[in-house]
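From first to last, the protein sequence lines stand for chains A and B. Here my numbering is used: position 155 in the first sequence is 155, and no number is missing along the way. Here my numbering is used: position 239 in the second sequence is 1239, and no number is missing along the way.
Just to be clear, a hint being listed does not mean it is correct.
As the list claims (entries may be wrong) - Sample of chain A residues lacking proximity to chain B, with all beta carbon distances greater than 10 Å (derived): (1) R5; (2) G12; (3) D16; (4) G52; (5) L72; (6) A122; (7) L152; (8) L162.
Claimed, not checked - Calculated lysine-lysine pairs in the BS3-like style (CA-CA distance at most 27 Å, straight line): (9) B:K1313 with A:K158; (10) A:K158 with A:K133; (11) A:K85 with A:K158; (12) A:K163 with B:K1285; (13) A:K163 with B:K1008; (14) B:K1058 with A:K163; (15) A:K158 with A:K75.
FYI, nobody ran anything at the bench for these hints, they're computed from the structure. Beta carbons: idealized from backbone N, C-alpha and C, even for Gly.
Below, each chain spelled out in residue letters.
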Amino acid sequence: MFKGRAFKFGDGISTDQIIPGRFAHLRSNLPELAKHAMEDADPSFVSRVKPGDFIVAGANFGLGSSREHAPLVIKMAGVKAILAKSVARIFFRNAINLGLPVLICDTDKINDGDELEIDLEAGSILDITNGVKLGFGKIPEIMLRILDDGGLLAYLEKHGDLKL
Amino acid sequence: MGKTLSEKILSTKSGSSAQAGDIVVAGVDLAFVQDTTGPLTVRQFRAAGFKQPAGSLKAAIFLDHAAPSPNRELANDHKLLRDFAWETGSLLSEVGDGVCHQIVAESLAKPGALIIGADSHTVTAGGLGAFACGMGSTDVAVAMALGKTWLRVPESIKVVLSGRFASGVYAKDLILYLIGLIGADGATYQALEFGGEALSAMSVPERLTIANMAVEAGAKVGLFPSDEVTRSYLEGQGRDGDYQPLSADDSASYVRTIDINLAELEPVVSRPHTVDNTAPAREIKGTKIQQVVIGTCTGGRLDDLAVAAAILKGRQRHEQTRLVIAPASRAVMRAAIAAGYIETLLQAGALILPPGCGPCLGLHQGALGNGENCLSTANRNFKGRMGNPEAFVYLASAATAAASAVTGEITDPRDFS
């Protein structure tokens, strides 16, 4: 069960906005890199986000580059889950591989700053601020197992191989 | 029921009868990283206790995004990657060799192969009939070690191409048009599979440009059949043995079919800050441009430089417009020098960068100033893409780029003979 605040973003937030290429030289210095999370979408994000908060986005979140540093800096900023109407393919896989949940739901019902309570096992999202309850879309079984194990490397350590 | 190209390749690679929607574990032929995603791959590879890439695949490291390294942090990343390549016997492509996707096309990609790269434009090799797919650093680390990866077999959109391009219209205009038509998430989780009678006259470099941008519509792969055009390209690369014919079954099932008559297309430009924000070049003529970039894995091949040189021959860049050229590979640059294109471009006032990604992703070699407009033959124009969220990137063909470099504003190349 996670509880935190919603940080609302619009449609089409690209990986270039999540972690711009001009910070490529910091990719081997993750604590420094993470200071720039979401910088070109909301420069104040890092100073305002608290551990346990959520990113709540529109359609096609994370489009663009394959850079795993995009979900990585979001996770390092303390975000516990990303809620979006839809998410780009590579970003989705990368987030799950890092153990960061991505939940597909109707984010129009959530406002910026709302308090949310998310129960991954029950599959429910409660917007405490406005009382709205939401479900979220199913993800493939193999991704659920990777997520449950805490990411792809933890999954491999447990199972020793990719298992369908 | 017949199979799409995606289903065929993933059936072979997984040893099963794969159908759209299935999850398969499939053998990987080539797993590669570049210098901005590779260091994390190496760290994840080592964190998992892996020692060597699987013997069943080729592992490759490309130093192309920050080539040569602009600062000590990226120099240290390069050092980490060189050491890994030498320790593991992986293929190492050095700074100055060129962009990973161009080198993969020139020397590594084969029809029917499964290619996984830690770079979203890995889809480029779909132009040669390879199921080539971008993934993140950890996925590629695991694929390198195990020689396999898991994949959801995508549904396919069939794009049927007929006719021939009119003068001044190129493959880049086609793919920008298609992305504008279906949107930046128009093919998310799906494959774009190209077919139709136009393919018999469509070169492999043109196919690579189209496949390269499949990801800008969200697609997992942009696939072309392997045909006589593919065969003659591979023969030209001295890789006759890598050829096999490959096509979708006539009875394959598609989620959507899109028919495009190439003869009806015109020059297209993507406007800031999304690739699907397209307009005919003629409609935004006159937009002032401070920098033109001709290069990258999308628009830096020999045919792009040939088109640019033809337009710029005997002309000069506009005095308020910088012209930056980044050939896609060493082979492209050598051929462009031999053909005289580089001399023509230099005479026109161009700056020639070493083969590599150049200014495309904003980490060096031509970052933009506040309020500046850039017209580029690359594949992305997201906010902040070229090093500055206060700048604006437009995308177009090499012809539109070259014509605009002369006038200093967005120009329809058909107005420019």
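Could you work out which of the previously given hints the structure breaks and list their numbers from low to high?
Failing hints, ascending: 2, 3, 5, 7, 8, 9, 10, 11 and 12.
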